[in-house]
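Colleague: Here are the chains, one letter per residue:
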Amino acid sequence: MYTQFFGNYLLNQQLISPDHLADALQMIKNTRVKIGILAINAGLISAEQAEEVHKEQQRTDKRMGDIMIEKGYIRESQLEALLKSQQSGHLMLGQVLIDNGYMTTSQFANALNSYKESNKITDADFYNVKDNQTKQLLTRFYDFNGVSDSKYLVGYVSLLMKNLIRFIGDDFTPMQSEKIENFQCNCCAYQEVSGPFNATVIAEADINAFLEFASRYAGEVLTEYDEMAEASVGEFLNLQNGLFSVNLSDEIGEELTLKPQTAERNMTLTNLKNTFKIPVCFSFGTVNFILCL
Amino acid sequence: MLFFLLFILEISVKLWYHLTILILDWCVFMNNNMITILICDDSILVRKKMKDTLSKIGNITVLEASDGEQAVAQYMDKKPDLVFMDIVMPKKNGVEALKEILSFDKSAKVVIVSSVGTQGNLKEAIEAGAYDFLQKPISDDSVIKIIKGIK
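Chains as they are written, first to last, in numbering that gives the first Met the number 0: chain R, 0 to 292; chain V, 0 to 150.
Just to be clear, a hint being listed does not mean it is correct.
[Unchecked claim] DSBU-like mimics (lysine-lysine), calculated; alpha carbons at most 30 Å apart, straight line:
1) V:LYS105 to V:LYS135
2) V:LYS135 to R:LYS161
3) V:LYS47 to V:LYS108
4) R:LYS150 to V:LYS135
To be clear, the hints were calculated from the coordinates, so they are not data collected in a lab.
Only a predicted model underlies this, so the values are computations on that prediction, with no experimental measurement involved.
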């Protein structure tokens, strides 16, 4: 989960622009993290040393890892461990941003360190986030203050992020939530839930992002906006709400009542109260999750 | 020459006779092992995924319903061997449909399939007489296990 929120941290710190982030997310799939970034992430070299190695590599025909060993920055065993380490999403994002000149290596290294410090996280936390850590991260990240009936909101959004990773993919960055009063939906699926948590939950996107989201959930390529595409996005919501009801039942012994999910195009939302839009930027486009409480 | 032609004719007739018997036996065998399954879910995606799973098993006639009312009507009309029933559906929910089906046929085997796998839902389904309960997203293995159980 920390991986997904790193892009947003960079935005909030004004280290990159939303356009640069959107560009980077589109390129992320074809990126491989270089050894320099992996070494910075592991705390083995500083950003300055990485820059130095990078410059030397441009002059000579040696591999970065070999130069780092020659300079005595890392040992051979450390290089082997780095080569085996995971191609985590936040490092891939950093690599794309550096490769495209949107950030320098030093800026990335500093941002990564301050992100880890401000969230009190270790490298292991990037791969194995505990439930309470996710909720703490979301509480720091989203401002749901002033929302009535917000008691279960963080738990709901936390589950949503986990389900996005589980069923759609981890190549996304959640953006800041926004309180809205009116909204023009393009393609959307929605479901109403009631009980201890009352909400209408909407998943909205332009047609291309909607179809890609639907394809990923269905596990097959859907190229036409049809009943199958609508059913796929609707079923994702149904699953999210069903699993949230299971969580609530386990935690407080109460359940939600779900209404059948529906889909619609060009739906206009007006005079909304207590309504939040949570945009989630995937590599294929943005999907907005709208929570009408 | 005539003797030879009569011999060929006799062989051909016998061959056709045995072949026809064989085909008829095969049809009876297939029919006896064929089961009918009704899939009730308002999501066309869930129905398709379930049909894909069932097609891997073979010898299954699949019926579909997209709401609780259709499910009851289909059951009364076709009396399938097994029903996979979603809970949250338009017109009539899965538990209501299950109760109606059981009041029509006490031996009906209805598996409740739901994303809301809470203790409350599970209890309600079992008390209403459900044969089993599956939490979505369902795996091929769990479906195959249930079908092997009824076969």
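Colleague: Could you run down the list of hints and mark each one as holding or not?
Modeller: Evaluated hints:
no., hint, in the structure
1, V:LYS105 to V:LYS135, "holds, 26 Å"
2, V:LYS135 to R:LYS161, "holds, 16 Å"
3, V:LYS47 to V:LYS108, "holds, 21 Å"
4, R:LYS150 to V:LYS135, "holds, 26 Å"
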